[in-house]
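Chemist: Next come the chains, spelled out residue by residue.
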Amino acid sequence: MTTIASQQQAPAAAHAESRIRVLSVLVEDGSNTLSKVSGLIRRRGFHVRSISVGPSKQAGRSVMTLTIDAGHAEVDQVRKQLDRLVEVLEVHDLTGHEVHSRELVVARVSAGEVDGLLQRGARVLDSGPDGTTVEFAGEGKDVGDFVNELTRHGIVDVVRSGPVVLRRTA
Amino acid sequence: MVLEALEREGVEFIFGYPGGANLPIYQHLPEHPKLRHILVRHEQGAAHMADGYARACGKPGVVFATSGPGALNLVTGLCTAYMDSVPMVAITGQVNSTQVGRDAFQESDVIGATSSVTKHSYLVTSIDQLPRVIHEAFHIATTGRPGPVLIDICKDVQQADAQRVTPERLEIPGYRLNGHVDLADAEKAAKALSAAERPVILAGHGVLLSHAERELMQLAEKAGAPVGTTLLGIGAFPVQHPLSLHMTGFMGTGWNIKAVQNADVLMMVGMRVDDRVTARLADFAPKVKTFIHVDIDGSEMGKNVRSHIELVADARNAIEAMIPHVGPVDAGRGQWLAQIDAWREEHPLRFTRSNGHLQPQDVLIDMYRRCRSEAIVVADVGQNQIWAALWWNYDRPGLFINSGGAGTMGFALPAAIGAKFGRPELPVWCVAGEGGFVMTAQELSVAAEHQLDVKIVILNNSSLGMVRQFQDDFYGGVRSQVDLTHMPDFVKLAEAYGLPAVRVDRLADVAPAMDAAERTKGPFLIDFRIDPEANVYPIVPLGKGLNDFWEAPDK
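For the record, the sequence lines run as chains A and B. Each residue of the first sequence is one higher than the one before, starting from 2 at the first, in our numbering. Each residue of the second sequence is one higher than the one before, starting from 184 at the first, in our numbering.
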């Protein structure tokens, strides 16, 4: 279980973290949708921390999971401004709600021996003379810890997704 | 297909300019005599004409331009309309759909370039989309908080054969209208206003857009609350009404500023509460205990000022819902209104005539004496705009048109032309400084071609007056790049374009020149050589709070 607001790393960052909004946004698929959303974020002085996009359960519509820093604006402006876009159908502000939040990391390490990673729940995708490729999914903090663990195995390459977030029902 | 759709939407005027990528549309234009096309001399002029037309008559302005430079020349005009919530539909030609992205001749990413200055935009790459898109565009442009919508149509789509299709029922799931008023909040707002010791209502453009002027007056009179307007809200409340505070903001009247700064309940309706209204935000309306904000756009709530009662609704619906709940007003109300009257006496609008130059106020006072409430004034941007806003008693909506949010120089002449097409029965006066005037002066051709009865008043102070005033007062007195003595002879310029003109440099010649303008059928230009040192007052020094406003010096 994760509460988004509890993902703060350091108390000193608390003020900055309170300006972060986690939004699940249902959008109409279209050639201009991504640029409208990103253009709005830039124009209003917000900053993107992460963005994940994928198809929704409805044809022709996608869900964007956005982690946005409101910058100098009022924090609820992020939701309100997104809501004004005709391409945007629904905006759910998940900040402070209990959610399932998952990020994916795929990494290649030079070590052949990766038991430490497997114990954390990683899965091996392939291994060979160039190293071992593993994947791991989890909450942001666990993914961060996992990436720290990777360094001990000699990171060759690593890619990491932004979070996808679903509100908990219970 | 495009033109048929425009006829279906009830379009009367198109302001446009043909070019390579919209030739197929122009080819068929003569078959549609109901659509009156006005050939402009620059696309920016088309956008401002459509804007002035829409502001004057309330119908959406329609613009045509070709791809690339044609479409990009619209950007300033779209921005002007977007900032001031003006309904407009711009139809631009785009290169063939198969050429998009190949840097074809006169190709540009018009959707990308205009996304931030339009309410919505469409790139049409297939004929099947066209009827729906045009119908949606007019709906989006004219409903809710109005604004410009752009339709970029690939050339091959314009040429495609298609069966006549009547658009299906509108279904735009991402477009929601806020019409519904929360009745409990409306009641709360009405009670707060009634119970206030020192209430003030500020009215913005939203009051005009929702035609809530009558309801606003009922509310103000019933609640005994004085009413000021923003620059764009001018006309929402009669300036000569006993409860009028005239214009608010950092160039507002002294009695308005005093009222706002001493109010305990401030209701802001149909406005964005931008920096030109608040001046230094931290010092804005410091005694207010209850802010009430009414706006149709929910994102305006708390954007600049966080209100205690927020009504996301059409201004007229919201005010109508409030009126029945206005209770017995606070016993101190008479004292508050008497205090405002005292401030009105203490801080009148004033100017001095001592240095022998013609003063801009003299020109406007003479104009007002002639026109009263029977003319539209279209102002440009700068000192001329504020003088025209303050030195005229607008007592009806729709008589003052200007670029408030964007502050676009060069707006006045084309917008006045558009306004005249929209309201041919009313005299239209264009008031501009010489700096803004030359930015779009080529549109004089349009005024002359159509023999439009537009009277052009240039308040010519041989400088970029507002910038000069700011430099004098707020930037160390360094006059930098504001001298405009090298300008064309405007009388000769007007004559070259085919319209009569006179120059006036003393008070005694103002009335005869105005007489000549009024006698002349068709366009007429007067170059008023005004005091080069004339300033706008009151004014709040940049970066200061409203309490620090400066008044005209007594000399």
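Hint data in this document are derived by calculation from the structure and do not stem from the laboratory. Glycine residues also receive a C-beta, built at the ideal position from the N, C-alpha and C atoms. It is possible that part of the hints are untrue.
Said to hold, decoys possible - Ranges of calculated distance between the beta carbons of each label pair, as one might list FRET restraints:
#1 G46(A) x T281(B): 37 to 47 Å
#2 F657(B) x H101(A): 53 to 63 Å
#3 G46(A) x S309(B): 28 to 38 Å
#4 R43(A) x E632(B): 34 to 44 Å
#5 V157(A) x A465(B): 45 to 55 Å
Chemist: Each of the hints needs a verdict: does it hold here or not?
Modeler: Against the structure, the hints:
no., hint, verdict
1, G46(A) x T281(B): 37 to 47 Å, "38 Å, holds"
2, F657(B) x H101(A): 53 to 63 Å, "55 Å, holds"
3, G46(A) x S309(B): 28 to 38 Å, "37 Å, holds"
4, R43(A) x E632(B): 34 to 44 Å, "43 Å, holds"
5, V157(A) x A465(B): 45 to 55 Å, "53 Å, holds"
Going through the hint list in order, the structure satisfies each hint without exception.
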